[in-house]
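Peer 1: As given, the protein sequences belong to chains U and S, one line each in that order. Per the working numbering, the first sequence starts with residue 12, numbered consecutively. Per the working numbering, the second sequence starts with residue 12, numbered consecutively.
Don't take each hint at face value.
Just so you know, same-sequence chains aren't split out, so a pair can sit in one copy or run between any two.
To be verified - Quick list of in silico lysine to aspartate or glutamate cross-link-like pairs, DMTMM-like style, CA-CA up to 25 Å:
1) LYS103 x GLU92
2) LYS23 x GLU376
3) LYS318 x GLU79
4) LYS318 x GLU45
5) LYS23 x ASP40
6) LYS183 x GLU268
Bear in mind the hints are in silico, worked out from the structure with no lab data behind them. These numbers come from a predicted model, not from an experiment.
Chain residues, written in single-letter form:
There are 2 protein chains.
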Amino acid sequence: MPPKPAENPNVKVGLEGVIAATSQICAIDGEKGELVYAGYNIHDLAENSTFEEVLFLLWHLRLPTKRELEKLVHDLEENSEIPHEIMSFLEKIAPRLSAMGMLRTFVSMLAHFDPEAGERSPAANENKALRIVAKIPTLIGAFDRFRKGDRLVVPPKGLNLATRFLHQLFGKEPLPEASKAMDVALVLHAEHSFNASTFAARVAAGTLTDIYSATTAAIATLKGPLHGGANEEVIKMLRQIGSVDRVRGFIEEELAEKRRIFGFGHRVYKTMDPRATHLMKMSEALGKAHGETKWFEMSIAIQKVMKELKGLDPNVDFYSASLYQTMGIPVDLFTSIFGMSRSSGWTAHILEQYRNNRLIRPLAEYTGPRGLKYVPIDQRK
Amino acid sequence: MPPKPAENPNVKVGLEGVIAATSQICAIDGEKGELVYAGYNIHDLAENSTFEEVLFLLWHLRLPTKRELEKLVHDLEENSEIPHEIMSFLEKIAPRLSAMGMLRTFVSMLAHFDPEAGERSPAANENKALRIVAKIPTLIGAFDRFRKGDRLVVPPKGLNLATRFLHQLFGKEPLPEASKAMDVALVLHAEHSFNASTFAARVAAGTLTDIYSATTAAIATLKGPLHGGANEEVIKMLRQIGSVDRVRGFIEEELAEKRRIFGFGHRVYKTMDPRATHLMKMSEALGKAHGETKWFEMSIAIQKVMKELKGLDPNVDFYSASLYQTMGIPVDLFTSIFGMSRSSGWTAHILEQYRNNRLIRPLAEYTGPRGLKYVPIDQRK
Numbered sequence: 012m013p014p015k016p017a018e019n020p021n022v023k024v025g026l027e028g029v030i031a032a033t034s035q036i037c038a039i040d041g042e043k044g045e046l047v048y049a050g051y052n053i054h055d056l057a058e059n060s061t062f063e064e065v066l067f068l069l070w071h072l073r074l075p076t077k078r079e080l081e082k083l084v085h086d087l088e089e090n091s092e093i094p095h096e097i098m099s100f101l102e103k104i105a106p107r108l109s110a111m112g113m114l115r116t117f118v119s120m121l122a123h124f125d126p127e128a129g130e131r132s133p134a135a136n137e138n139k140a141l142r143i144v145a146k147i148p149t150l151i152g153a154f155d156r157f158r159k160g161d162r163l164v165v166p167p168k169g170l171n172l173a174t175r176f177l178h179q180l181f182g183k184e185p186l187p188e189a190s191k192a193m194d195v196a197l198v199l200h201a202e203h204s205f206n207a208s209t210f211a212a213r214v215a216a217g218t219l220t221d222i223y224s225a226t227t228a229a230i231a232t233l234k235g236p237l238h239g240g241a242n243e244e245v246i247k248m249l250r251q252i253g254s255v256d257r258v259r260g261f262i263e264e265e266l267a268e269k270r271r272i273f274g275f276g277h278r279v280y281k282t283m284d285p286r287a288t289h290l291m292k293m294s295e296a297l298g299k300a301h302g303e304t305k306w307f308e309m310s311i312a313i314q315k316v317m318k319e320l321k322g323l324d325p326n327v328d329f330y331s332a333s334l335y336q337t338m339g340i341p342v343d344l345f346t347s348i349f350g351m352s353r354s355s356g357w358t359a360h361i362l363e364q365y366r367n368n369r370l371i372r373p374l375a376e377y378t379g380p381r382g383l384k385y386v387p388i389d390q391r392k
Numbered sequence: 012m013p014p015k016p017a018e019n020p021n022v023k024v025g026l027e028g029v030i031a032a033t034s035q036i037c038a039i040d041g042e043k044g045e046l047v048y049a050g051y052n053i054h055d056l057a058e059n060s061t062f063e064e065v066l067f068l069l070w071h072l073r074l075p076t077k078r079e080l081e082k083l084v085h086d087l088e089e090n091s092e093i094p095h096e097i098m099s100f101l102e103k104i105a106p107r108l109s110a111m112g113m114l115r116t117f118v119s120m121l122a123h124f125d126p127e128a129g130e131r132s133p134a135a136n137e138n139k140a141l142r143i144v145a146k147i148p149t150l151i152g153a154f155d156r157f158r159k160g161d162r163l164v165v166p167p168k169g170l171n172l173a174t175r176f177l178h179q180l181f182g183k184e185p186l187p188e189a190s191k192a193m194d195v196a197l198v199l200h201a202e203h204s205f206n207a208s209t210f211a212a213r214v215a216a217g218t219l220t221d222i223y224s225a226t227t228a229a230i231a232t233l234k235g236p237l238h239g240g241a242n243e244e245v246i247k248m249l250r251q252i253g254s255v256d257r258v259r260g261f262i263e264e265e266l267a268e269k270r271r272i273f274g275f276g277h278r279v280y281k282t283m284d285p286r287a288t289h290l291m292k293m294s295e296a297l298g299k300a301h302g303e304t305k306w307f308e309m310s311i312a313i314q315k316v317m318k319e320l321k322g323l324d325p326n327v328d329f330y331s332a333s334l335y336q337t338m339g340i341p342v343d344l345f346t347s348i349f350g351m352s353r354s355s356g357w358t359a360h361i362l363e364q365y366r367n368n369r370l371i372r373p374l375a376e377y378t379g380p381r382g383l384k385y386v387p388i389d390q391r392k
């Protein structure tokens, strides 16, 4: 039995339009298509910044000095290792796992191995946030290698997080264009205010649960196909289409069948998603570097047809799909890479929630029967 | 930097008073002190029903027939086993784990071993809900034995969930009074509308994430000391007080120091928490059966002093503390037992969210600076 529709206009289904808290981390103007991290426009950050710099910005609400940035890059590298006990268990069960299920289970497990497990001071929480962000790329890289029966590769020292991740994943030095594209993709996916996974992290953190728990809640939420799964769906569509000349026919048929075209439209943005432009450029540049522009060209064609037929613009998921595909990343890792980036925003929000906490507990409107009389089981029909 | 306080009156901090959805599962009237599961008053259920019957009620929104109930009891038993690979890993790392961290990690891990992993039909989701509820008691019992270096005990067939849990935990047949008290405690903790953990489960489920993920998000949230941890704090207080004659002095001193007395007052109930009465009776009966009434007597004395000095009534956490203590359950398992019961309500809400889904995505009010200009790192101070 689905619940009856709300008769009470005060029921805010999906909390749409409800302002649940104040935050200094991120501003979105859906009408203007503007995305701002702690005061800085996403276009500035995508063109000039790095993931590590954005990470510092989200945590500290200001850009780092050169020295602070160098320390952060170093600390992320130092903390990227996974304890041996966890690694050997991951190796054993990797073939059973989905990428997001792996991330949920193993980030949860890392909590028990944190050197400050049980510590709740702001400093300990910041250290834990750093360890979480540092270890997620290693988990994803190791998982993909283990499930294929490959051995771990230890990347050389001195790499940034994006490059280290690609090195761990592919077992060799990435092209500079790939490394740069991954870094920009991480910048663009880092933060997006109260999306469902971040909001879940804040609901969890509102009980003063630990930061690994709140991050696990976020991963569990991002795993849902309505949230993190869209770019995987985009790539399935691109594969199904196969070539540029088949784009129009495919989209027309899908729309006629009232099927959803993933990667278009956004609950918040009424214009083009400001992140999509940068990913589009990256996708094109990387296609050329790899000598494989097919995915990009199909994407451009789909964008044009969707604008013409539905008036819809692509969102962040649309071009990240062809970008990751061109890099050779397995499709079923896409959402976990989204999580790898968004772990920066999640931890920033969890730390902000701790600084100014209030338990998050809304109400439900009960629409079931009342006053039922308990009937002993022998007298039930 | 904590965020500035909201100047906008539309910011619903903590979502207090906001109705986030309709639901047919639970009604709470805080003014009257009324708690209703799917139409049935909690007093009726506590006096006449069993945990298995309540589980059926929460999932199906009606009481079971005799045959349906027998099938459910049987299915819960059949599904209570944990795969060997998981058990041997749990044995290995148990000494490192907290009970709630264990539950979060291992429920997450069970997802990968579910025979219907990847299936998303309503029937598959109901089967998974059953497996989750069936396996949590086994996980908690095994965890406690493993961390003490004890071996697993396989309980005899034909037990209900409460009795099986106590058997697994203590490695022997529980007293009938203990078994009954545990069953009533499970009934009373099963469901409580949109508390933080259940709401987190619904936020997760709103992305159509799988039921293990949404349950993991709930466990991660229950772990917070502002939510699930209160009965552990109560027992720490009882131990600190030590005897009935020291109660008044202790409470007066704590209140003078403006320290919080756990187990009193509730954000929703303005009267006595209707669940507390039943736990109080159980706690008294069990104390007599065990020949150890000290915890109960101290609790009664604290209740009296708190009513006199602060006008506050005990909540569900207050008497569950002395009840579990009298049973000999380790204090650090209390919250996980709350979770063992609440897994019924969580899964009921997740299934309800799936039946009538809407992504849950509120807004944040941005209170940080705007229009900052990106300064190259070499020019930063």
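Peer 1: Please go over all the hints and tell whether each is borne out by the structure.
Peer 2: We went through each hint and held it up to the structure:
In this assembly of identical chains, LYS103 and GLU92 lie within 25 Å of each other by CA distance both inside one copy and across copies; the values are 18 Å within and 21 Å between. Taking identical chains as interchangeable, the C-alpha atoms of LYS23 and GLU376 lie at most 25 Å apart whether they share a chain (10 Å) or sit on different chains (17 Å). In the homo-oligomer, the alpha carbons of LYS318 and GLU79 never lie at most 25 Å apart, since the shortest distance is 44 Å inside one protomer and 54 Å across protomers. For the homomeric pair LYS318 and GLU45, the shortest alpha-carbon distance inside one copy (20 Å) is at most 25 Å, but the shortest distance between copies (54 Å) is not.
Both within a single protomer and between protomers do LYS23 and ASP40 lie at most 25 Å apart by alpha-carbon distance, with minima of 21 Å and 20 Å respectively. With identical chains, the CA atoms of LYS183 and GLU268 are never at most 25 Å apart, being 44 Å at best within one copy and 61 Å at best between copies.
Violated hints, listed in ascending order, are 3 and 6; each of the other numbered hints is respected by the structure.
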